[in-house]
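There are 2 protein chains.
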Amino acid sequence: MRQIKVGIIGLGTIGRAVVKNLLKTRGHIKRSQGVDIVVAKICDKRKSLSKDFKGIPFVSDAWDVVNSDVDVVVELIGGVNPAFRIIKESLKKGKDVVTANKALLAEKGGLLLNLACGKNCGRLRFEASVCGGVPVIRSIYSHLSFAGIKSIIGILNGTTNYILSNMADLGGSFKETLEKAKKLGYAEQNPSLDIDGIDSLHKLSILSYLGFGKSLPLAKVFVEGIRNIDSLDIEYAKELGYVIKLLAVVRLLPGKKLEARVHPAFIPASHPLARVKGSFNAVFVDTERAGEFLFSGLGAGGDATSAAVIADIVSLGRESLQAHIASENKNVNLVGRGSFSFRYYLRFSAVDKPGVLAKISRVLADYGVSIASVTQKQRGGCKFVPIVMLTHNAQEIKLLKARSKIDSLSVIKPPTQVIRIEEI
Amino acid sequence: MRQIKVGIIGLGTIGRAVVKNLLKTRGHIKRSQGVDIVVAKICDKRKSLSKDFKGIPFVSDAWDVVNSDVDVVVELIGGVNPAFRIIKESLKKGKDVVTANKALLAEKGGLLLNLACGKNCGRLRFEASVCGGVPVIRSIYSHLSFAGIKSIIGILNGTTNYILSNMADLGGSFKETLEKAKKLGYAEQNPSLDIDGIDSLHKLSILSYLGFGKSLPLAKVFVEGIRNIDSLDIEYAKELGYVIKLLAVVRLLPGKKLEARVHPAFIPASHPLARVKGSFNAVFVDTERAGEFLFSGLGAGGDATSAAVIADIVSLGRESLQAHIASENKNVNLVGRGSFSFRYYLRFSAVDKPGVLAKISRVLADYGVSIASVTQKQRGGCKFVPIVMLTHNAQEIKLLKARSKIDSLSVIKPPTQVIRIEEI
Numbered sequence: 003m004r005q006i007k008v009g010i011i012g013l014g015t016i017g018r019a020v021v022k023n024l025l026k027t028r029g030h031i032k033r034s035q036g037v038d039i040v041v042a043k044i045c046d047k048r049k050s051l052s053k054d055f056k057g058i059p060f061v062s063d064a065w066d067v068v069n070s071d072v073d074v075v076v077e078l079i080g081g082v083n084p085a086f087r088i089i090k091e092s093l094k095k096g097k098d099v100v101t102a103n104k105a106l107l108a109e110k111g112g113l114l115l116n117l118a119c120g121k122n123c124g125r126l127r128f129e130a131s132v133c134g135g136v137p138v139i140r141s142i143y144s145h146l147s148f149a150g151i152k153s154i155i156g157i158l159n160g161t162t163n164y165i166l167s168n169m170a171d172l173g174g175s176f177k178e179t180l181e182k183a184k185k186l187g188y189a190e191q192n193p194s195l196d197i198d199g200i201d202s203l204h205k206l207s208i209l210s211y212l213g214f215g216k217s218l219p220l221a222k223v224f225v226e227g228i229r230n231i232d233s234l235d236i237e238y239a240k241e242l243g244y245v246i247k248l249l250a251v252v253r254l255l256p257g258k259k260l261e262a263r264v265h266p267a268f269i270p271a272s273h274p275l276a277r278v279k280g281s282f283n284a285v286f287v288d289t290e291r292a293g294e295f296l297f298s299g300l301g302a303g304g305d306a307t308s309a310a311v312i313a314d315i316v317s318l319g320r321e322s323l324q325a326h327i328a329s330e331n332k333n334v335n336l337v338g339r340g341s342f343s344f345r346y347y348l349r350f351s352a353v354d355k356p357g358v359l360a361k362i363s364r365v366l367a368d369y370g371v372s373i374a375s376v377t378q379k380q381r382g383g384c385k386f387v388p389i390v391m392l393t394h395n396a397q398e399i400k401l402l403k404a405r406s407k408i409d410s411l412s413v414i415k416p417p418t419q420v421i422r423i424e425e426i
Numbered sequence: 003m004r005q006i007k008v009g010i011i012g013l014g015t016i017g018r019a020v021v022k023n024l025l026k027t028r029g030h031i032k033r034s035q036g037v038d039i040v041v042a043k044i045c046d047k048r049k050s051l052s053k054d055f056k057g058i059p060f061v062s063d064a065w066d067v068v069n070s071d072v073d074v075v076v077e078l079i080g081g082v083n084p085a086f087r088i089i090k091e092s093l094k095k096g097k098d099v100v101t102a103n104k105a106l107l108a109e110k111g112g113l114l115l116n117l118a119c120g121k122n123c124g125r126l127r128f129e130a131s132v133c134g135g136v137p138v139i140r141s142i143y144s145h146l147s148f149a150g151i152k153s154i155i156g157i158l159n160g161t162t163n164y165i166l167s168n169m170a171d172l173g174g175s176f177k178e179t180l181e182k183a184k185k186l187g188y189a190e191q192n193p194s195l196d197i198d199g200i201d202s203l204h205k206l207s208i209l210s211y212l213g214f215g216k217s218l219p220l221a222k223v224f225v226e227g228i229r230n231i232d233s234l235d236i237e238y239a240k241e242l243g244y245v246i247k248l249l250a251v252v253r254l255l256p257g258k259k260l261e262a263r264v265h266p267a268f269i270p271a272s273h274p275l276a277r278v279k280g281s282f283n284a285v286f287v288d289t290e291r292a293g294e295f296l297f298s299g300l301g302a303g304g305d306a307t308s309a310a311v312i313a314d315i316v317s318l319g320r321e322s323l324q325a326h327i328a329s330e331n332k333n334v335n336l337v338g339r340g341s342f343s344f345r346y347y348l349r350f351s352a353v354d355k356p357g358v359l360a361k362i363s364r365v366l367a368d369y370g371v372s373i374a375s376v377t378q379k380q381r382g383g384c385k386f387v388p389i390v391m392l393t394h395n396a397q398e399i400k401l402l403k404a405r406s407k408i409d410s411l412s413v414i415k416p417p418t419q420v421i422r423i424e425e426i
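Just so you know, the sequences run in chain order A and B.
Just so we're aligned, residue 3 is where the first sequence starts under this note's numbering, counting upward by one.
Just so we're aligned, residue 3 is where the second sequence starts under this note's numbering, counting upward by one.
Isolated chain A, as found in the complex:
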């Protein structure tokens, strides 16, 4: 039986789970997959961790793994450096590499995949980088791409989905819920990467590369996080038959143009993505020839993510050729926010006086934004009352200009809340 020697660099939550579960499932893998996976080396800067892994060769310098006789290097330290150099040198030495490092892949994925296609170079696998335990990378690349992918819509970040679900189910403000998420370990102490949509953007870039042969120019993609979602918005969404989710969307437009964006959006409460709650992740793929697909599951956690890492290691034991996803499709281009159009949810804070609605409506009409419905609730005793509107389809540029104009009216307390309605 083929034996694969694995070296694991980085013994954080995922690294520890990978070691534990590789040892636990070695027999199952031998029986069911015909490959014997041996944990030949583990590595962490914290030398004291060696005591937790008796009987496995332990080193504290990553290069002692890269320069050893392992067949597969598993990089689980995260961040761009030194992970980039470790992976690059490993591939050059002909070692296969498995990584879960989405930040690195979003920035240097194309470069590393190209390297992995080189003669005598190792192969690269990264199933765990998006949606933890859910096999979306394998599914999109090895399967759905043959049906002609039209769009990929993801709920890719567990922290933000936990916060939004929690606000919807239990009420509570964004701030309170974020604090709770921190206490429960669902949010980091510095949660900016998650809350502000950057983590979702990194993952979206990877999916874009797999689905359309195009990684995203990160600085150019429209990204809006969930800091400004008010519990009021969540209430109104519910009343209107919607749910608010942080979506990461990439879509092929006519003329080989690509639309990519990350932002909170209303989605119909009846849509399967609306049911994706808590720290679950999901990816919804629409195809030309095979209709729509949904994949969902736990997006984080050591054990779930380790299943994806192990799947990659095993696949390297089974396969022989580097898949050529590295041949980037140079013919597709990203479109800017200027070409977006949506139906929108707008929530104005307006002085409770006659004529205010007429003023708002006039501005919207001036910019070609047409109103589908208006709701105005009595909220006794406040100077400002909420007015909620759903619009018909409108160009984003015009809508934003209209909002600026409306926000400058003396009867309005800015900023007016704008949330896109995702037509799925």
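Among the hints, a few may not be true.
You can't tell identical chains apart in this list, so a pair holds if it fits in one copy or across any two.
[Stated by the list, open to error] Calculated lysine to aspartate or glutamate pairs in the EDC-like style (CA-CA distance at most 16 Å, straight line):
1. Lys94 / Asp232
2. Lys49 / Asp66
3. Lys22 / Glu290
4. Lys49 / Glu226
Bear in mind the hints are in silico, worked out from the structure with no lab data behind them.
Please build the complex by placing chain B on the supplied structure of chain A, with the hints as guidance.
Here is chain B on its own, set in the frame of chain A:
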């Protein structure tokens, strides 16, 4: 670039779509996967079909494909014979085989997979046999199995799901809806394989083999179709917060015992599987270490299914080793219906007289079945009125005995409707 010559046997809906889409995606596959797939031979008994495929070598005898120089034989004729012999001989000749033939795999899958692991034999792939375009086979075998699969629950048959969804959305009896489904092409003229659960059973057997290393003894598995689902049941389900689906379930119990069953079941309306409508299929997998996963998408149709067939062909071009799923796990055993226990929905047709409910309740109590809720609606003018009950968890054997006893009461019009409530 590696070139793979493919021979396609059977030009029905799927076969035609495979040929069309292989030609259409050849360039995409070369660029993105590094393999050149050539349609080298097509075969159908109906010689007249050759005119639809100008320029591709056409034969009318399947053995002219098996004995040719193709690398991959794609079997799309369905049924056990002669498909079994065609696949067996192709594998023995060292040709890889791709099939969508669930009936054959349910009966002879283990045998064929073992053969495919033999020296100098070809490899076998069958992604399209379950859930059409949805990559559940690849996902379960190459990914989720490393997280320790506990149970697999599928909506595996599009015809029955279409009928049940349609009854729920539009009212209408089972018979009317079946006729409509036939007219629209969602049901075959002889729909028994679908309606009676046999098709679901075939697919469940394949998933059981992948998830637990155990194909099912088909004759021993409890299978109940949807013929007896009344529109009343669907109404009541809705009122009670449930949806009725035809589920195919396989679950690992303590002591390496396996529970497998196909039957209509109530599932909570809030569960993601409840959202799987029309001819969509879905598979819900629960794992020890990575939580729950849902996969859904179009389960039928030529284009959707052809994506799975093409994915298999491409994977054969990329991989080199036969995966060893053929080593059947001899340590797991199927449990019988005797060990089932559920919460149940019961609908009695009872004479509208005082004391009837007391009689029913007494029988249930005698058999240890405890009642969670009772609903009795006034339905003026009929001799018999429906009484609906939800029970607490009860042993199936005892429940069925209680039902027999109740059905023998003079105040009851048999048979009493029994539907299991799936705790998902």
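Each hint tested on the structure:
no.: 1; hint: Lys94 / Asp232; result: neither (50 Å within a copy, 65 Å between copies)
no.: 2; hint: Lys49 / Asp66; result: within (14 Å within a copy, 65 Å between copies)
no.: 3; hint: Lys22 / Glu290; result: between (42 Å within a copy, 14 Å between copies)
no.: 4; hint: Lys49 / Glu226; result: neither (40 Å within a copy, 59 Å between copies)
Taken one by one, the earlier hints fail for this structure at numbers 1 and 4, listed in ascending order.
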